[in-house]
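J.: In case you want the letters, here they are:
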Amino acid sequence: RKEVEQDPGPFNVPEGATVAFNCTYSNSASQSFFWYRQDCRKEPKLLMSVYSSGNEDGRFTAQLNRASQYISLLIRDSKLSDSATYLCVVKLTSNYQLIWGAGTKLIIKP
Amino acid sequence: GAGVSQSPSNKVTEKGKDVELRCDPISGHTALYWYRQSLGQGLEFLIYFQGNSAPDKSGLPSDRFSAERTGGSVSTLTIQRTQQEDSAVYLCAAQRGGFTDTQYFGPGTRLTVL
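Keeping their order, the protein sequence lines are chains A and S.
This note's numbering puts the first sequence at residues 1 to 110.
This note's numbering puts the second sequence at residues 111 to 224.
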């Protein structure tokens, strides 16, 4: 079983719709959680950190469920420019290494 | 510099040749990571440098891979006797230092081994 698992997609979503995807992690010692965005043939860029209480940044909402060991990302009022691969990233308490999911591909259609 | 730069952007080499990839991180960012990303896959950790500490090489896939970081700044990743399975995008990331700090990535080097 992979340490961080994501549905690879692609998620094909009409513009303006709301889309959500989850990411599950296997190590209960995981401490910090992030969503990165990666455009095609580009490097990953931080989208948002995920806090225990959940957090929102504009149209993006991230949630953490420690009991079930998953994090989620919700995108409201999706834009064409949201098309990208969204990478779930987990950091263990005792280690500086980041464990990366393989990403969920999102395609927003006009 | 303002961001992380990597060179070359693309490298095509023949199986068995050695290659050297370069990363020039953000000034003042003491932590530097090398990752490898194969097509459609997540990032695979290779090596981590933090200041003057001994690097964490636990992610290097074989002894054909090595990396150096000179003067706490520029880093080079060397792959000896390249194999076709080494083909991937090699990404370098700089981090200011704290464990929860954002990682800033370079544009990557796309390595193709024929």
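Among the hints, a few may not be true.
[As the list claims (entries may be wrong)] Derived pair list, reagent style BS3-like, types lysine-lysine, alpha-carbon separation capped at 25 Å:
{"hint": "1", "chain 1": "A", "residue 1": "K42", "chain 2": "S", "residue 2": "K121"}
{"hint": "2", "chain 1": "S", "residue 1": "K167", "chain 2": "A", "residue 2": "K91"}
{"hint": "3", "chain 1": "S", "residue 1": "K127", "chain 2": "A", "residue 2": "K45"}
{"hint": "4", "chain 1": "S", "residue 1": "K121", "chain 2": "A", "residue 2": "K45"}
{"hint": "5", "chain 1": "A", "residue 1": "K2", "chain 2": "S", "residue 2": "K121"}
[Unchecked claim] Pairwise CB distance ranges, derived in the manner of DEER restraints:
{"hint": "6", "chain 1": "A", "residue 1": "P110", "chain 2": "S", "residue 2": "R132", "range": "34 to 44 Å"}
{"hint": "7", "chain 1": "A", "residue 1": "K109", "chain 2": "S", "residue 2": "P165", "range": "21 to 31 Å"}
{"hint": "8", "chain 1": "A", "residue 1": "R76", "chain 2": "S", "residue 2": "N162", "range": "42 to 52 Å"}
{"hint": "9", "chain 1": "A", "residue 1": "K45", "chain 2": "S", "residue 2": "V184", "range": "18 to 28 Å"}
{"hint": "10", "chain 1": "A", "residue 1": "K45", "chain 2": "S", "residue 2": "R132", "range": "17 to 27 Å"}
{"hint": "11", "chain 1": "A", "residue 1": "R76", "chain 2": "S", "residue 2": "A164", "range": "17 to 27 Å"}
{"hint": "12", "chain 1": "S", "residue 1": "G181", "chain 2": "A", "residue 2": "K109", "range": "46 to 56 Å"}
{"hint": "13", "chain 1": "A", "residue 1": "E56", "chain 2": "S", "residue 2": "N162", "range": "35 to 45 Å"}
{"hint": "14", "chain 1": "A", "residue 1": "A17", "chain 2": "S", "residue 2": "G169", "range": "31 to 41 Å"}
{"hint": "15", "chain 1": "S", "residue 1": "N120", "chain 2": "A", "residue 2": "R76", "range": "34 to 44 Å"}
{"hint": "16", "chain 1": "S", "residue 1": "P171", "chain 2": "A", "residue 2": "D57", "range": "31 to 41 Å"}
Just so you know, these hints were derived from the structure itself, not from any lab.
A virtual CB, placed ideally from N, CA and C, is assigned to each residue, including glycine.
J.: Look at each hint and say if it fits the structure.
T.: Verification of the supplied hints:
| no. | hint | result |
| --- | --- | --- |
| 1 | K42(A) with K121(S) | holds, 16 Å |
| 2 | K167(S) with K91(A) | holds, 18 Å |
| 3 | K127(S) with K45(A) | violated, 32 Å |
| 4 | K121(S) with K45(A) | holds, 23 Å |
| 5 | K2(A) with K121(S) | violated, 30 Å |
| 6 | P110(A) with R132(S): 34 to 44 Å | holds, 41 Å |
| 7 | K109(A) with P165(S): 21 to 31 Å | violated, 45 Å |
| 8 | R76(A) with N162(S): 42 to 52 Å | holds, 46 Å |
| 9 | K45(A) with V184(S): 18 to 28 Å | holds, 22 Å |
| 10 | K45(A) with R132(S): 17 to 27 Å | holds, 21 Å |
| 11 | R76(A) with A164(S): 17 to 27 Å | violated, 46 Å |
| 12 | G181(S) with K109(A): 46 to 56 Å | holds, 49 Å |
| 13 | E56(A) with N162(S): 35 to 45 Å | holds, 40 Å |
| 14 | A17(A) with G169(S): 31 to 41 Å | holds, 38 Å |
| 15 | N120(S) with R76(A): 34 to 44 Å | holds, 38 Å |
| 16 | P171(S) with D57(A): 31 to 41 Å | holds, 36 Å |
In terms of the numbered hints stated before, the structure departs from hints 3, 5, 7, 11, listed from lowest to highest.
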